[in-house]
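K.L.:
Build the full structure now, drawing on both the sequences and the hints.
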Amino acid sequence: MRFTRLAATAAIAVLAMSAAACGGDKADKGSNGDPVAKPSFAAGTKMDTLNKAGKVTIGTKFDQPGFGLKGLDGKPAGFDVEIAKLIAAELGISADKIEWVETPSKVREEVIEQGKVDFVVATYTINDTRKQKIDFAGPYYEAGQALMVRKDDNSITGPDSLKEGSKKVCSVTGSTPAVNIEKYIKDKAAQLVLFDTYDKCRDALKNKQVDAVTTDNVILLGYVARDEASFKLAGDTFTKEPYGIGVKKGDNEFRTFINNTLEKINTDGRYKKAWDATAGKFAPAPTMPAVNRY
Amino acid sequence: MDVLIKYSDQFVSGFWVTFQLCLLSAIGALVVGTAVAVLRISPVPPLRAVGTAYVTVFRNMPLTIVMFFCAFALPTIGVNGNFLKIPLLDQLFRRLGTDLPFFRLAVIALTLYTAAFVCEALRAGINAVPAGQAEAARSLGLTFTQNLRHVVLPQAWKAAIVPLGSVIIAMIKNSALAGFFGVVGDLSSVADRLTGAGGEPIIPVFIGISIGYLIMTIPLGLLLDRIEKRRAVAR
Chain D
324 MRFTRLAATA AIAVLAMSAA ACGGDKADKG SNGDPVAKPS FAAGTKMDTL NKAGKVTIGT
384 KFDQPGFGLK GLDGKPAGFD VEIAKLIAAE LGISADKIEW VETPSKVREE VIEQGKVDFV
444 VATYTINDTR KQKIDFAGPY YEAGQALMVR KDDNSITGPD SLKEGSKKVC SVTGSTPAVN
504 IEKYIKDKAA QLVLFDTYDK CRDALKNKQV DAVTTDNVIL LGYVARDEAS FKLAGDTFTK
564 EPYGIGVKKG DNEFRTFINN TLEKINTDGR YKKAWDATAG KFAPAPTMPA VNRY
Chain R
8 MDVLIKYSDQ FVSGFWVTFQ LCLLSAIGAL VVGTAVAVLR ISPVPPLRAV GTAYVTVFRN
68 MPLTIVMFFC AFALPTIGVN GNFLKIPLLD QLFRRLGTDL PFFRLAVIAL TLYTAAFVCE
128 ALRAGINAVP AGQAEAARSL GLTFTQNLRH VVLPQAWKAA IVPLGSVIIA MIKNSALAGF
188 FGVVGDLSSV ADRLTGAGGE PIIPVFIGIS IGYLIMTIPL GLLLDRIEKR RAVAR
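Chains D and R, in that order, are what the protein sequence lines are. Each number in my numbering corresponds to the 1-based position in the first sequence with 323 added. Each number in my numbering corresponds to the 1-based position in the second sequence with 7 added.
Calculated directly from the structure, the hints in this document are not laboratory data. Here the structure is a predicted model, which is why all the values come from computation and not from measurement. Treat the hints with care, since some could be wrong.
Said to hold, decoys possible - Which chain D residues face chain R? A few, computed with CB under 8 Å, are given here:
1. Lys-511
2. Asn-530
3. Asn-589
Even for Gly, the Cβ is constructed at its ideal location relative to N, Cα and C.
P.N.:
Right, here's the structure in full:
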């Protein structure tokens with residue numbers, strides 16, 4: 324039973340893809356996020372419900388430059404936002420029919436479980452703890468944790484430079500990078516500072532209160548791009564943070580649909596276009612990692 | 008509820024950091040608050056003005072602003088609270104001696120803010136001492152300092168101890184802010200870490216954190232009740 328439904332979904336997804344391929348030149352002319360002409364989905368699926376309703380609620384971050392940052396016009400902008408718009412487009416929903424909900428790291432699983440949003444695109448690292456509560460489509464991007472230091476500081480070459488115990492590092496309270504970096508630190512009380520935003524970490528780095536700021540490389544690249552005279556990245560990334568799209572646990576049809584959509588937008592160039600328009604301003608275009616259909 | 012057991016070590020270490028922060032700030036606030044109270048009742052008008060100004064500023068400013076000022080403005084003018092790196096004491100409270108100033112700055116912020124309330128609680132106690140006591144002491148030839156030291160403050164202290172206790176309990180709860188101004192590993196930042204990076208459900212974690220604060224505040228409250236009762240008998 325389950326198998327046949329999956330097979331049906333897959334068949335419909337293929338149909339939808341070919342249908343969209345016909346209207347491909349339309350997508351090229353317009354900006355990202357033009358809805359697909361007339362997608363049709365198997366009755367009773369999440370895709371069908373959303374398509375019929377003509378609107379979708381999407382969770383993203385409002386404070387991540389390059390990924391999801393709320394602008395003065397009140398609308399979020401960034402790579403995550405573009406990816407979300409493309410998925411909505413594949414559902415036949417135009418960008419102005421999307422309701423954006425701010426989902427900071429702490430509430431992401433909850434809003435998905437409670438059905439307050441249809442899916443979440445919010446620099447959302449796929450990991451096993453989270454998979455117990457929700458399911459992930461993607462990944463659509465792979466970030467990695469890195470260190471940002473002052474431009475003239477050559478004493479830090481990577482996280483191992485923190486081990487001898489005198490270098491101080493800053494990150495954001497309750498974030499995964501803040502927990503990851505503890506492995507490389509000798510004395511938490513003397514070496515680790517946590518603030519509520521990365522802006523405060525950047526200021527502390529500039530004022531020499533700390534020697535490094537650590538989080539995902541894309542966020543740091545955003546800061547380096549804005550102040551190249553003061554900052555640089557030290558060493559390579561030392562973790563892998565595959566960003567996925569959070570959906571309700573067990574909704575395999577919707578997950579498959581999003582995975583198909585991601586592969587499709589990668590193939591037809593909309594993925595790169597979305598990147599170039601947003602995070603591409605400070606980081607070279609990535610190759611999309613292979614989606615993980617677990 | 009398994010969260011409480013699973014991460015009990017984090018809760019315990021968070022409790023100790025908060026406890027240290029509160030203990031140091033409470034001592035600081037009592038000392039500074041008493042000094043300000045003495046200024047406010049001193050016979051010299053300029054000193055009274057200084058005391059009044061202090062209370063007006065720190066009682067009316069939100070604690071978040073005081074914290075913000077201490078954590079981010081003081082370091083830029085070179086104040087890192089290094090005077091708190093007291094030998095021996097920094098062996099006992101290791102965070103006092105670290106290179107990172109944020110624990111010391113949080114102690115300073117909580118001390119300055121709470122001192123205003125301590126001052127007012129003490130002053131209420133001083134006002135409760137009948138004027139005849141101070142007058143009698145003065146007629147015996149005691150100086151202002153002797154008067155305070157031997158006659159007024161010992162009596163004022165008794166009347167003030169219960170409101171002072173309330174001030175300290177409020178301060179313990181206020182200390183939760185420190186976790187958001189660079190102090191790593193106190194109770195509130197443990198909550199943030201577990202619910203954020205740890206992905207643990209919010210309610211059980213917050214129950215655990217609340218227990219941490221209750222361990223400090225409830226015994227203090229009970230102690231105050233006892234002191235109050237004993238004093239009632241003594242009268």
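K.L.:
For the hint on D/Asn-589, does the least C-beta distance to chain R fall short of 8 Å?
P.N.:
violated, 29 Å
K.L.:
Given D/Asn-530 as an interface hint, is its Cβ closer than 8 Å to any Cβ of chain R?
P.N.:
holds, 6 Å
K.L.:
When the nearest CB of chain R is found for D/Lys-511, is that gap smaller than 8 Å?
P.N.:
holds, 6 Å
Of the numbered hints listed earlier, the single one contradicted by the structure is hint 3.
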